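Assemble chain B onto chain A, guided by the hints.
Chain order of the listed sequences is A and B.
Start counting the first sequence at 1; every next residue gets the next number (the numbering used here).
Start counting the second sequence at 1001; every next residue gets the next number (the numbering used here).
It is possible that part of the hints are untrue.
[Stated by the list, open to error] For the chain B half of the interface with chain A, some residues (derived, Cβ under 8 Å), not all of them: (1) 1062; (2) 1089; (3) 1157.
If you're looking for bench data, these hints aren't it; they were derived computationally from the structure.
Remember, it's a predicted structure, so these values are computed and weren't measured experimentally.
No residue lacks a Cβ here, since even glycine has one placed at the ideal position from N, Cα and C.
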Amino acid sequence: MKSKNKMKFKYKKSLSMLVILVILLSYSIIPVSASSDYYESTYNYYNYDCRSNFGTNELSGEMNYAGPTRINIAIDYSYMHSGYLTVHTGSAIAFPQTSFVGIIATINIDYYFTSCNYSYLIGANTVYSVGLF
Amino acid sequence: MIKKLSTLLILVLAVGCLASCNEPSLLESNPNNTGNESSSIGNLNTDSLKPESYYTSSKQGITIGKYLETPYGTYYCSFDGYLYYSEKGNTKYIKLCNKPDCNHNSMDCNAYISRSAIGIGYYDNKIYYEVWNNINCMDMDGSNHKTVKTLYEGYDSNFGFFHNGYFYYVITKGGCLGAIGNDDNNLYRVKVDDDSKPEIVLTNDAILKISLFMIDEDNIYIIANIPDNSKFVSLYSYSTISKIWSELSDAFGGPGAYYIIDDTGYCYINNKGFYEIDIDTKQMKQMKALKFENEGICSALYYPDYIYLIHYTNEPFDFLNQILYIYDWDYNLIDSVEFDKAYGTGGFVGDVDGYIIFTSNFDVKPEYYIDKSEIGTGNLMFHKIED
Chain A
1 MKSKNKMKFK YKKSLSMLVI LVILLSYSII PVSASSDYYE STYNYYNYDC
51 RSNFGTNELS GEMNYAGPTR INIAIDYSYM HSGYLTVHTG SAIAFPQTSF
101 VGIIATINID YYFTSCNYSY LIGANTVYSV GLF
Chain B
1001 MIKKLSTLLI LVLAVGCLAS CNEPSLLESN PNNTGNESSS IGNLNTDSLK
1051 PESYYTSSKQ GITIGKYLET PYGTYYCSFD GYLYYSEKGN TKYIKLCNKP
1101 DCNHNSMDCN AYISRSAIGI GYYDNKIYYE VWNNINCMDM DGSNHKTVKT
1151 LYEGYDSNFG FFHNGYFYYV ITKGGCLGAI GNDDNNLYRV KVDDDSKPEI
1201 VLTNDAILKI SLFMIDEDNI YIIANIPDNS KFVSLYSYST ISKIWSELSD
1251 AFGGPGAYYI IDDTGYCYIN NKGFYEIDID TKQMKQMKAL KFENEGICSA
1301 LYYPDYIYLI HYTNEPFDFL NQILYIYDWD YNLIDSVEFD KAYGTGGFVG
1351 DVDGYIIFTS NFDVKPEYYI DKSEIGTGNL MFHKIED
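Extracted from the complex, chain B is given alone in its bound form:
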């Protein structure tokens, strides 16, 4: 009997061992890798065209500049450097490559734009992306990659995003935001589709402490860290017309928890609640108090239909257990659902049309969606995006 059990156990382990050894990589196992599935890419949807500034790459999210809405559909740049495309009104994401006989698993694939790509942007029927200190572009179907501009000489790093035909950036000599060694206090921008050189938009020492920035029409908002204070950040504004710089608040919510539009700033402060600031009067007021028993870390994302509050509950922090709370713009809680499918770094990707998109890991394509028509029905759930 023992002998039979041992043999059985050995067989089970051997099968398990072989199965895990032979498991193909996510890319290899991707059934989209047939080489001809992106033939419909590049069709302009003129039904609901919006101003160019709407297609900014600084949309709200957990990642920056990776998820891009365009008039042609939605694009997502995974952390491992591949570009995925989803037709408007669809949740299916495919690698942006229509090269025949491409296995979509190498640097020669049209969908590969580099692991070093900081983000992607849209302007005037082109996709732009930045790698190192070069601005590159491609056609909407992923073909015709070319370098269009070099920002500066040398090997310094930078951080920025595409907005309304420009790439806005700060130079981070130390390698990243908040790095020791950053000494350039300028915010630059460069037009992406002509031969012009980069220009300085703003010079201020707050740039050295910058956490994020955003642009709303003629105003640039700078979110700057306060040393030894992880609860609040400083909020500054700069008018590109009047050139006036002003400090709006030194108790604002930080990255992944704020939004500014039409002279109102919105933010969430951990275990305090939702706040709004009037940009003109600098008055900040609490709109809804909110305190979790398990404080964790929260991210508030402001989208036209809803405000999403994502509460990460694990201590110490990781992405494994997330609860998505959905509020209306009067801060009434409408619904909530748990997302427990993340491994490593994953979660909210974006909100477009009727769907909220999530992924288990930002290295791979979007994998889950919420159908917004299910919000408030008592039947809210994550659906797997099937291939």
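This is chain A alone, in the form it adopts within the complex:
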């Protein structure tokens, strides 16, 4: 009886490990696909956060920073015209600001964004970047 219980415990343990590994594996092979992203951290002991949103007709990014240095956001995106195959690339950059900076790009209904890379800068340093599609 004791040996049977021990066997049962071992099977449960193996099954648990199996489930954990399946979860781990699925995370490691499925590409990240998201339409929004949020990130926060510190730079020079001051907090900052970055919020990115991707929509087929609108891109936006926002950044807050508690420090005195100017901050900025740059976006590099690709877009297409509905019904046609040419892939355009474009970029935009906000006016540098202190404390808060935001950027938005809105496209006509005949076009749609296919991907965007957001770069968040404090001074001249890129402190965070993320790609959304």
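Chain B only, in chain A's frame:
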């Protein structure tokens, strides 16, 4: 038995998990990253030099200004901002950097010109590229990067390309073509190799609806969107000599499906066929009717040897399943082949010399080629470009 199977399964999953976690990035795994492979870059091939205007960055393609033929070889700017080089008559692409000890994986690499680079151009033994509102240049071997000109003050975006020593552009205040907020109806150009300021080439409200433009000698052709009509676009011409503006057609084929040279415009209209327009008489006629059972979306690319029609078959649209149809200039179908290697955004890159170049994703270097000598042999296929 169950225990053994479970253990085996766990081992397989663990190995798979670790392998995928440790997979290096495409750049890291690139065997070209040895730092000294671009030593032969920059040798001028004088065998078949062509006029400067031939090396325009507005060549036909799915991307704009990313693939550039020069007298020194072919250059490709990936969407992630790296410049690759291929020697003439070759299909192998390497990062354009000969800095010793460079891992070719950072912004310090000579091959990195910025994710924000709109396109690349060639003029008088230099490579030019535009980032934000600055024109930059470098030597043909990727060294000596410098900013040569600022187009305008402020942070507005723009769209344009290099042609015959100039950068032609429109300012897109809203961020891109067709954006809400675009209010500048000028087409500008600036000489890239002197101290002159930008000049307005043309002012017209059609610029606000512009989809693409192209230049053929002294004429500029504007392709403009028609609201709520994705099948056709308007085609206008403007002579930089006579300053005459005229509407040529309001039923022309759109971006990635047209070509204009020597007073003839060529276009493909989805599920209608190939058309030609006489620029002088504005007469448009169908040259070949073509209808696919699965309409999908098509791109027609006109090159000296062949006309390529690429049919994207997936619904809803994506780049995964593409069929390349190859026509001669009499619109006879010569051959076809499927390209099923794209992931994300990828496909046709360019046509140069004896090869047609494709990539699985525009973020990476060209990866596949078709040897044109195989067209029509019954043995047409994509070859992997081996490192």
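Hints broken by the structure, by number, lowest first?
-> 2
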